[in-house]
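S.K.: Sequence:
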Amino acid sequence: MNIETILAELELKLQSIGFTEGSSAMLLQLNIGGQNYIHSCGNLNMLNASSARLIDGHRYIFVEFMYNEISNASLSTNTKTLHRDTARLLKEYNESLAIREITTECLYDLEFFMQAKGFAVNTIARHMKVLKKYINLAIKKGLLYQSPFIGYTIKSQETHKEALSEKELKLFEEYVSERPADKEVLSAFLFSCYTGLRYSDICCFSKRNIQVLNNKKWIILWMKKTGNEVRIPLSTVFNGKGLAISREIKRPRGPLFKLRNNQHTNRVLKAIAQKIGIKRNITFHMARHTFATLLLYRGVSITTVQKLLGHRSVKTTQMYSAVTDLTIERELRRSNRGNI
1 MNIETILAEL ELKLQSIGFT EGSSAMLLQL NIGGQNYIHS CGNLNMLNAS
51 SARLIDGHRY IFVEFMYNEI SNASLSTNTK TLHRDTARLL KEYNESLAIR
101 EITTECLYDL EFFMQAKGFA VNTIARHMKV LKKYINLAIK KGLLYQSPFI
151 GYTIKSQETH KEALSEKELK LFEEYVSERP ADKEVLSAFL FSCYTGLRYS
201 DICCFSKRNI QVLNNKKWII LWMKKTGNEV RIPLSTVFNG KGLAISREIK
251 RPRGPLFKLR NNQHTNRVLK AIAQKIGIKR NITFHMARHT FATLLLYRGV
301 SITTVQKLLG HRSVKTTQMY SAVTDLTIER ELRRSNRGNI
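With the first letter of the sequence shown counted as 1, position 205 gets the number 205 in the numbering used here; the numbers rise by one all the way through.
Among the hints, a few may not be true.
Below are the DSS-like pairs computed for lysine-lysine, each with C-alpha atoms no more than 27 angstroms apart in a straight line [as the list claims (entries may be wrong)]: (1) 117 <-> 161; (2) 241 <-> 224; (3) 225 <-> 258.
Per label pair, the in silico range of CB-to-CB distance [claimed, not checked]: (4) 252 <-> 222: 16 to 24 angstroms; (5) 267 <-> 30: 43 to 51 angstroms; (6) 307 <-> 183: 25 to 33 angstroms; (7) 307 <-> 14: 53 to 61 angstroms; (8) 178 <-> 301: 36 to 44 angstroms; (9) 117 <-> 213: 46 to 54 angstroms; (10) 120 <-> 333: 31 to 39 angstroms; (11) 249 <-> 106: 49 to 57 angstroms; (12) 118 <-> 236: 38 to 46 angstroms; (13) 109 <-> 255: 38 to 46 angstroms; (14) 222 <-> 82: 15 to 23 angstroms.
In short, the hints are calculated from the structure, not lab data.
Computed from a predicted model, the values in this text were never measured in an experiment.
Ideal placement from N, C-alpha and C gives every residue a C-beta, glycine not left out.
Please model the entire structure based on the sequences and the hints provided.
M.R.: Shown next, in the form of structure tokens:
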């Protein structure tokens with residue numbers, strides 16, 4: 001007889017002595033031979049605070065639940081960092097919040113808490129999406145009866161995709177630094193401008209990702225964020241400038257670029273921008289936006305840019321069309337030349 005059968009029989013026996021779905025609740029966790037079993041039935045919202053927080057001597061505070069699941073999850077280092085940021089935020093909001101105490105009203109209160117801290121709409125949305133992931137996981141594990149997100153809508157807004165202009169990109173290309181760390185960051189940033197690779201993919205990019213197809217060098221890799229394959233004609237795109245950078249770096253094995261972390265990289269880029277007279281806030285992710293925007297401006301079709309970025313849907317790529325105002329002006333100037 002397996003454990004699932006035993007638990008089902010236990011539920012039937014409880015029903016025979018008056019246990020009912022609407023007016024009773026059971027939450028049971030077992031660990032047998034290293035294998036966890038969680039079984040629940042009835043209305044879990046009826047459990048008192050101590051019952052909701054204590055299973056096998058562990059307090060089921062939601063923040064603790066999140067940290068435990070993040071540690072055991074098969075996620076990238078960057079994704080775990082983002083999820084821990086949300087857990088820290090929730091701890092700041094209410095570190096003793098039990099799983100069963102999270103209601104729709106609680107979500108709206110948390111949203112107001114983030115607004116008071118000055119968080120942007122999309123930053124709030126990002127944290128709420130992470131929170132929803134772990135709420136759903138708690139439900140799957142039988143720790144919560146119903147999702148509080150049923151009565152809550154995650155709000156987001158379309159953002160302006162900041163990108164470098166041709167002139168600004170040239171300023172970065174011409175900048176020379178004697179500091180090895182600055183050179184490393186600058187090379188990685190320019191390589192991303194010429195290939196459209198995200199920071200997470202740049203960090204693990206190696207010369208093994210460069211292959212020869214039809215006598216041309218191509219980048220072929222599986223993107224860390226989406227798991228999608230992307231193919232980029234390194235010899236051709238932006239006249240092979242990315243290929244030139246890869247040849248200058250003499251690292252036959254391991255990652256091509258040695259970057260400390262995203263925060264340090266952005267600080268270095270900001271310092272370089274100030275030195276070359278760019279007053280905008282420059283971040284590494286702007287390189288990917290620059291890649292897409294400049295290709296669209298140069299007349300490359302949006303479906304081709306979609307494939308180069310590794311987007312599953314062209315709708316995602318169309319978001320970059322909002323930053324191609326220069327393309328509109330250029331086309332209008334061309335039309336004006338034909339007028340008498």
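S.K.: Please go over all the hints and tell whether each is borne out by the structure.
M.R.: Results for each hint:
Of the supplied pair hints, the one linking residue 117 and residue 161 holds, its CA atoms being roughly 24 angstroms apart against a limit of 27 angstroms. Among the hinted pairs, residue 241 with residue 224 is consistent with the structure: their alpha-carbon atoms are about 24 angstroms apart, no more than 27 angstroms. For the given pair, residue 225 sits about 20 angstroms from residue 258 by alpha-carbon distance, which is consistent with the 27 angstroms threshold. A hinted range of 16 to 24 angstroms for the beta carbons of residue 252 and residue 222 is consistent with their spacing of about 22 angstroms.
A C-beta distance of roughly 49 angstroms is found between residue 267 and residue 30, which places it inside the suggested range of 43 to 51 angstroms. Look at residue 307 against residue 183: about 31 angstroms separates their beta carbons, and that is inside 25 to 33 angstroms. Between residue 307 and residue 14 the CB atoms are about 57 angstroms apart, so this pair conforms to the stated range of 53 to 61 angstroms. Judged by the Cβ atoms, the range 36 to 44 angstroms given for residue 178 and residue 301 holds: they are separated by roughly 42 angstroms.
The supplied range of 46 to 54 angstroms is met by residue 117 and residue 213, whose beta-carbon atoms lie about 49 angstroms from each other. Against the hinted window of 31 to 39 angstroms, the Cβ-Cβ separation of residue 120 and residue 333 comes to about 35 angstroms, which satisfies the hint. At about 50 angstroms, the CB distance of residue 249 to residue 106 agrees with the hint of 49 to 57 angstroms. Between residue 118 and residue 236 the Cβ separation comes to about 44 angstroms, which falls inside the hinted range of 38 to 46 angstroms.
Residue 109 and residue 255 have their C-beta atoms about 43 angstroms apart, which keeps the hinted 38 to 46 angstroms range intact. The hinted range of 15 to 23 angstroms is satisfied by residue 222 and residue 82, whose Cβ atoms lie roughly 20 angstroms apart.
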